[in-house]
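Listed below, chain by chain, are the residues.
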Amino acid sequence: MYIAIRHKLAILLSTISAVSIIISGFIIYGIAKDQLAENLDSLLYARIAAIEDNLTVTLDEQLNHVIGFAEHEPIIPFIDALVSAGVAKTFLTHPREVIAKTLSVLTNDHGRFRKFWVLNAIDGEIIASTEPEDVGKSRTRESYFTKGRDAPHVESPFLNLAEHTPVLFISAPILSDDGELLAVLVGQLDLRHLQSALTIGKRSYRSLDVFLINATNFFLTQPRFIEDDVVLMRQLSTNTADLCRKQHEGMITTKDYRSVDVISAFKWLPNYEMCLIAEIDFTEANEPVILVRNTVFVSAFLGAILAVVASSLIAARFTRPITDLREVADGYARGELDRRAVVVGRDEIRDLANAFNGMAEAIEQRRKELEEFNRRLERRVELRTTELKAANDELESFSYAVSHDLRAPLRAVDGFSQALVEDYGEKLDGEARTYLGHLREGAQKMAHLIDDILKLSRATRGDLSLSDVDVSTKAWEILDRLSQSEPDRMKRFEIEPSILVYADPALIDVALENLLNNAWKFTSKSVLSVIEVGSEDTPEFDVIYIKDNGVGFDEQYAHKMFTPFQRLHSDEDFEGTGVGLSTVQRIVRKHGGDVWAESKGDAGAIFHFKLPKKEALAYEVREN
Amino acid sequence: MLVEDSAQDEALTLRQLQAVSDDTDIAVAGDGEKALAFILDRIGDGEEPVQKLPDLVILDLKLPKIDGHDVLRELRANRHTRNIPVVVFSSSDEERDIARSYELGANSYVQKPVNFEDFKRTMATLGKYWVSMNLSPRS
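As they're listed, the protein sequences go chains U and X.
Numbering-wise (this note's numbering), the first sequence opens with residue 4 and increments by one.
Numbering-wise (this note's numbering), the second sequence opens with residue 39 and increments by one.
In isolation and in its complexed conformation, chain U is listed as follows (with noise of 0.2 Å):
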């Protein structure tokens, strides 16, 4: 498949930045949602330490309330009285008013406590309280008693069923002047009151919600999400509840009491055997994680899209001396020889450039010095052509003028020895009349020389009109024809039939008739003329031959037979003006082919022509 260089580097260049970019972005997003969930870590757990120290406090405060009043030296005196009064005494109604209405500091609108009660040390009988019905009533077994003679102490929160309020109770030992235990100061704090400890500082979270609960699991405090009253009425049955008490502190991701995702923190406070919990919910902590994650998926995205856009345009600028190139070099293929490429930039398309350029310039020069040798050979064409014009009418006039001028003398050489002998005959003795006989002779001689001088000539003037020739056929008519000229010739001839050349038929007419007549003149002494035409096929050439059985000549000379007027036989043996072969030559060799002969002395002689095939000039003629 085709990618262009453009597509493949945009591609790559997309691929890589938009996979970093995205890269990037899980990374970022990775270490933000670490953070982000360590600071919501670190912040939940701020907000329990600081929350466990607003309680410790308020709760200090109160039994520091309830130590004070125990050791309020004002009212030692009333309580002593009541003690040493024994049994309750109904009639001691003052010190128990003093008392009462002292202690209603703390149950007033100013305080938490709902009631307090002074306890016989001895038996707990109330002796004296801020709630006079209560006087009379006795608490012995309650441990705010028992421990509460022996130090300050904070009972574990309970529900007083009678108010359906969640109360906790404080006391105190209250002694003597002397250091001697007389009773035991008991406050009940209105647990409600807690939940205002549990509200401070910002509320950076819309589901921040805070409680406390006691060992039993029990709500201490009312959690935001529930309407009804729940305070020491309902058991929390979350995760966090059970891991509040095996590990104290710590924190989850788990589900509340609404079964809702939450991020729970927890911590264990001994001192009052309460756990604090304060939970967010997973929706709203992960909030910030989640716009993050968008943040940096939808600006990986972008990012992305711009990389893909920026790598395409990066690409198409960095492939754009390439395509210009390409460009370039469609043009020069098309003929447009001066184009030539921008050399720009500094790297290996420039150094393509270049190349190219090179190359351009050396075709250039190439065609510039085939152009000149062109014109240079085209020059010297013409030169010879004029030349070889100027000797073929120089030939042409020469052969004219044989013709015309050479024939006339002979004639009137020839004729006037007849016109001699004719009229003046009776006056020329015999000698006389040999000697005419001598001149007429040398004249038809020369007549004959001439004719066939014109024939040389012409067999190699003007063009060759090519066609099929039977040569067997043309052979068959000039041998009859030769044998009527002397028909009491003992005679055979053996003709191949069909041999077919592509020639000029009229030049190998002259060709044949030419090496048949030899033929047939050199057979003339032979006691039976035996001709024989055949053919010898090659790859390229038709070859033909003419065998007789003849005299013969000196292979010795043979090369000397096909110049003009060379002969191998005297006149006296056998007649001939020696321009015969030479003709048979200049025809065969005008065609592309070639003569020669052979013989094997008394054997008689063997002449072979060739003559290109068909199909060998056909594929010359393509070729040109």
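For the record, the hints were derived by calculation from the structure and aren't laboratory data.
Quick caveat, the model's predicted, so the values are computed rather than measured.
Here a beta-carbon is modelled for each residue, glycine too, at the ideal position from N, C-alpha and C.
Worth double-checking, as some hints may not be accurate.
Think about it this way: if two alpha-carbon atoms lie no more than 27 Å apart in a straight line, the pair counts; the simulated DSS-like pairs of lysine-lysine are [claimed, not checked]:
id : chain 1 : residue 1 : chain 2 : residue 2
1  : U       : Lys-458   : X       : Lys-158
2  : U       : Lys-458   : X       : Lys-72
3  : U       : Lys-448   : X       : Lys-158
4  : U       : Lys-448   : U       : Lys-270
5  : U       : Lys-392   : X       : Lys-100
6  : U       : Lys-448   : X       : Lys-100
7  : U       : Lys-270   : U       : Lys-258
8  : U       : Lys-430   : X       : Lys-158
9  : U       : Lys-430   : U       : Lys-392
10 : X       : Lys-103   : X       : Lys-72
11 : U       : Lys-371   : U       : Lys-430
12 : U       : Lys-550   : U       : Lys-563
13 : U       : Lys-392   : U       : Lys-371
14 : X       : Lys-100   : X       : Lys-72
Here are the in silico distance ranges between beta carbons for each label pair [stated by the list, open to error]:
id : chain 1 : residue 1 : chain 2 : residue 2 : range
15 : X       : Val-66    : U       : Gly-428   : 20 to 30 Å
16 : X       : Ala-115   : U       : Leu-340   : 53 to 63 Å
17 : X       : Val-66    : U       : Leu-431   : 36 to 46 Å
18 : U       : Leu-467   : X       : Asp-131   : 14 to 24 Å
19 : X       : Pro-102   : U       : Pro-542   : 55 to 65 Å
20 : X       : Val-66    : U       : His-562   : 47 to 57 Å
21 : U       : Leu-380   : X       : Val-66    : 36 to 46 Å
22 : X       : Ala-115   : U       : Ala-393   : 26 to 36 Å
23 : U       : Tyr-560   : X       : Ser-170   : 49 to 59 Å
24 : X       : Asp-131   : U       : Val-424   : 52 to 62 Å
25 : U       : Thr-437   : X       : Gly-68    : 33 to 43 Å
26 : X       : Gly-68    : U       : Ser-501   : 53 to 63 Å
Position chain X against the provided structure of chain U, taking the given hints into account.
For chain X alone, coordinates are given in the frame of chain U:
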């Protein structure tokens, strides 16, 4: 009329023509210019020729000044001489000479044989045909 530059050829031709019919009146011109002058002289300036025009022109091709083909062209261009039979009688057997002659309107083309025996036969035939047998248009 015979147009022939070679004195030898002229002598041989006349000898053989007279051998065929010796009562024929034969005018001879040595070159093309003389031949045309002879004929134009006889035509004159009037409607009709002043003197009788030749019945036959035997024309050599290679002539000094104006050659045979040009003479032939002139003859064919003139209305008086347009129909005079012309036999081209040349040593040449060149194809182009023959073709050109017929193109210009020659009535016959005969090669002058070099061999005198052949020459005699040719002249006998030529004379018998063109002088004795052939009828030329009368002007």
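Hints and how they fare:
1. Among the hinted pairs, Lys-458/U with Lys-158/X is consistent with the structure: their alpha-carbon atoms are about 25 Å apart, no more than 27 Å.
2. A C-alpha spacing of about 34 Å is found between Lys-458/U and Lys-72/X, which places the hinted pair above 27 Å, so the restraint is violated.
3. Distance check on the hinted pair: Lys-448/U and Lys-158/X sit about 19 Å apart at the alpha-carbon level, within 27 Å; holds.
4. For the hint pairing Lys-448/U with Lys-270/U, the CA-to-CA distance comes to about 154 Å; that exceeds 27 Å, so the pair is violated.
5. Between Lys-392/U and Lys-100/X the alpha-carbon distance is near 23 Å, which keeps this suggested pair within the 27 Å criterion.
6. About 24 Å separates the Cα atoms of Lys-448/U and Lys-100/X, which keeps this hinted pair within 27 Å; it holds.
7. Distance restraint check for Lys-270/U and Lys-258/U: the Cα-Cα separation of roughly 17 Å lies within the 27 Å cut-off, and the hinted pair is therefore satisfied.
8. A hinted pair counts as satisfied when its Cα atoms are at most 27 Å apart, and Lys-430/U with Lys-158/X qualifies at roughly 22 Å.
9. For a cut-off of 27 Å, the pair hint linking Lys-430/U to Lys-392/U is broken: about 55 Å separates their Cα positions.
10. The hinted pair formed by Lys-103/X and Lys-72/X meets the criterion: a straight-line CA distance of about 9 Å does not exceed 27 Å.
11. Distance hint between Lys-371/U and Lys-430/U is unfulfilled; the C-alpha atoms sit about 85 Å from each other, more than 27 Å.
12. As the CA atoms of Lys-550/U and Lys-563/U are separated by approximately 19 Å, the hinted pair is consistent with the 27 Å bound.
13. Restraint check for Lys-392/U and Lys-371/U: the C-alpha separation of about 30 Å exceeds 27 Å, so the hint is violated.
14. Of the supplied pair hints, the one linking Lys-100/X and Lys-72/X holds, its CA atoms being roughly 14 Å apart against a limit of 27 Å.
15. Hint check: Val-66/X to Gly-428/U, Cβ distance near 27 Å, so the stated range 20 to 30 Å holds.
16. For Ala-115/X and Leu-340/U, the hinted distance range of 53 to 63 Å is satisfied, since their beta carbons lie about 59 Å from each other.
17. Checked against the given bound of 36 to 46 Å, the beta carbons of Val-66/X and Leu-431/U, roughly 29 Å apart, lie outside it.
18. Between Leu-467/U and Asp-131/X the Cβ separation comes to about 22 Å, which falls inside the hinted range of 14 to 24 Å.
19. Between Pro-102/X and Pro-542/U the CB atoms are about 58 Å apart, so this pair conforms to the stated range of 55 to 65 Å.
20. The beta-carbon spacing between Val-66/X and His-562/U, approximately 52 Å, falls within the hinted interval of 47 to 57 Å.
21. A hinted range of 36 to 46 Å for the beta carbons of Leu-380/U and Val-66/X is inconsistent with their spacing of about 57 Å.
22. At roughly 34 Å, the beta carbons of Ala-115/X and Ala-393/U sit within the given window of 26 to 36 Å.
23. Distance hint for Tyr-560/U and Ser-170/X: a CB-CB separation of about 55 Å, consistent with the stated range 49 to 59 Å.
24. Checked against the given bound of 52 to 62 Å, the beta carbons of Asp-131/X and Val-424/U, roughly 27 Å apart, lie outside it.
25. The hint said 33 to 43 Å for the Cβ distance between Thr-437/U and Gly-68/X, and at roughly 36 Å that hint holds.
26. For Gly-68/X and Ser-501/U, the Cβ-Cβ distance of about 57 Å falls inside the hinted range of 53 to 63 Å, so the restraint holds.
The structure shown violates the earlier hints numbered 2, 4, 9, 11, 13, 17, 21, 24.
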